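**Student:** Sequence:
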Amino acid sequence: MGKELDEIFDSFDKKAIFKDKFLLQAEHKPTAIPHREEQIKQIAAILAPVLRGERTSNLFLYGKTGTGKTLSIQFVRDELLKRARKNPDFNLRIEYINCKLRKVSDTEYRILAELIKKLGGSVPDTGLPTVAVYNKFIEIIDKEKLILILIFDEIDQAVKKISDNFLYNLTRLNSELSKSQIGVIGISNDLTFLDSLDPRIKSSLSEEELVFPPYNALQLQEILKKRAMFAFKSGVLQDGVIEKCAAFAAREHGDARRALDLLRIAGELAERDNSNKIHVKYIDEANEKIERDKILDVVKTEPKQFQLVLLAIVELSELQKDKKEPVFTGDVYNLYQELCKKHKTEILTQRRVSDIIQEFDMLGIINVRVISKGRGGRMREIKLVVSNKIAEKVKEIIHDSLNYN
DNA sequence: GTCAATTCACATGAAAGAGACCACGGTCTAGTG
DNA sequence: CTAGACCGTGGTCTCTTTCATGTGAATTGACGA
918 MGKELDEIFD SFDKKAIFKD KFLLQAEHKP TAIPHREEQI KQIAAILAPV LRGERTSNLF
978 LYGKTGTGKT LSIQFVRDEL LKRARKNPDF NLRIEYINCK LRKVSDTEYR ILAELIKKLG
1038 GSVPDTGLPT VAVYNKFIEI IDKEKLILIL IFDEIDQAVK KISDNFLYNL TRLNSELSKS
1098 QIGVIGISND LTFLDSLDPR IKSSLSEEEL VFPPYNALQL QEILKKRAMF AFKSGVLQDG
1158 VIEKCAAFAA REHGDARRAL DLLRIAGELA ERDNSNKIHV KYIDEANEKI ERDKILDVVK
1218 TEPKQFQLVL LAIVELSELQ KDKKEPVFTG DVYNLYQELC KKHKTEILTQ RRVSDIIQEF
1278 DMLGIINVRV ISKGRGGRMR EIKLVVSNKI AEKVKEIIHD SLNYN
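Everything in the first sequence is counted per this note's numbering, starting at 918 for the first residue and increasing by one.
Keep in mind that a hint or two might mislead.
[As the list claims (entries may be wrong)] Cross-link-like lysine-lysine pairs, in silico, DSS-like; alpha carbons within 30 Å at most:
| no. | residue 1 | residue 2 |
| --- | --- | --- |
| 1 | Lys1211 | Lys1310 |
| 2 | Lys1300 | Lys981 |
| 3 | Lys1194 | Lys1211 |
| 4 | Lys1310 | Lys1258 |
| 5 | Lys1053 | Lys1077 |
[Said to hold, decoys possible] Taking CB as the label site, the calculated pair distances span:
| no. | residue 1 | residue 2 | range |
| --- | --- | --- | --- |
| 6 | Glu1169 | Glu1126 | 20 to 30 Å |
| 7 | Gly1157 | Lys1290 | 38 to 48 Å |
| 8 | Asn1091 | Pro1116 | 39 to 49 Å |
Keep in mind that the hints were calculated from the coordinates and are not lab data.
Since this is a predicted model, take the numbers as computed values, not measurements.
Ideal placement from N, C-alpha and C gives every residue a C-beta, glycine not left out.
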């Protein structure tokens, strides 16, 4: 056994593939962001007044995932902070909050708590009235002259969960501050988000707007090439690998992050195979692996009731596959009830299951469309978007986790 | 045949309850001098 | 006398139920050509 392990470790030691894998990881911040020069300049121009200690216009950024929004804004942020340090007249703080992380920001309370924590205060996780947290927030900010810029990434998620008067409160907060000033930057990948807002909030939040268009395949290639040059040893990339990665990602609305992930995982797969070259086939494998990991991870961590609902969906779509009939809400609910009985679990109402189905849609495991069959009623048409192989795996996992507790 | 009303099977919303967690302030207890 | 243990109250959170209202088009049925 020891010898075998040695072999495994040895082969990793040789590092046949990577020179610097970190360059391909999502956390890596490149020093240059290709094809985003224009946006960066504009952001900088909009935010520049903070260097004089003035409030900036609120700013709103759109763009699909992986179009460089977060990267660009963080780039500008770092530059601003670098400069502002030289000016002792006031404090500049730019805080970044990702509203997608559930633990951080499912509620108004938590977002505020998170902000306060970042600003050096502390708030209990629960127990205080929200108003008290607001007051504490204001108190902390207004202690001294502070120019505060709040960046809310994926702000649409937060608003969906909370309601938009959170944003209203926030934009109105300036009037309660005597010394300090707050600027808000919202980032959203839902292009229709602004339209769904209350007009008053909309106008105050989006004093400035900026759109990040998706990268096209050529741009993606360029980005990948730049990174790959330093991330991989020379000569490990087979011809066409970059092109294929770019093509895959371009299909996914020009998602650069996805492209980089693909490349990195393809590299890892090659490494595991003891290959010293990344072949095109590894890209396909990597693509599959990303999908699989994403879904299996979700499935594993989902609570029992969710798993039962998903199991019902998976089994039904299996049944219906030959007939080419899609699955509908009612079918799912019926089977779900049976499964609950079988596993001695209490049965949730249809109302709740309806919501659960919708959550699976948002997680990207199923595809949902509301259709009307005329007098036959109105319901969701549910399609599983995972391959058969993964669906099988999902079933296995759910069965396991249901039987073990 | 045509057109509006009807009807189905849910979707979608709003409100509120249950049970868990927690902070805060007050009261009680035990250890200390 | 004081620090810490121990309540009770009131707040939040998540998950869920209950009640209410909305909805798109197939079907129905009355109507007129």
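**Student:** Each hint should be assessed against the structure and marked as holding or not.
**Tutor:** Tested hints:
1. Pair hint Lys1211 plus Lys1310 holds up; C-alpha atoms about 13 Å apart against a cutoff of 30 Å.
2. Between Lys1300 and Lys981, the direct Cα distance comes to roughly 23 Å. Compliance with the 30 Å bound is thereby established for this hinted pair.
3. About 26 Å separates the Cα atoms of Lys1194 and Lys1211, which keeps this hinted pair within 30 Å; it holds.
4. A hinted pair counts as satisfied when its Cα atoms are at most 30 Å apart, and Lys1310 with Lys1258 qualifies at roughly 23 Å.
5. Between the alpha carbons of Lys1053 and Lys1077 the distance comes to roughly 25 Å, so the proposed pair stays at or under 30 Å and holds.
6. A C-beta distance of roughly 24 Å is found between Glu1169 and Glu1126, which places it inside the suggested range of 20 to 30 Å.
7. For Gly1157 and Lys1290, the Cβ-Cβ distance of about 47 Å falls inside the hinted range of 38 to 48 Å, so the restraint holds.
8. Between Asn1091 and Pro1116 the C-beta distance comes to about 19 Å, which lies outside the given range of 39 to 49 Å.
Hint violations for this structure: number 8 only, all remaining hints satisfied.
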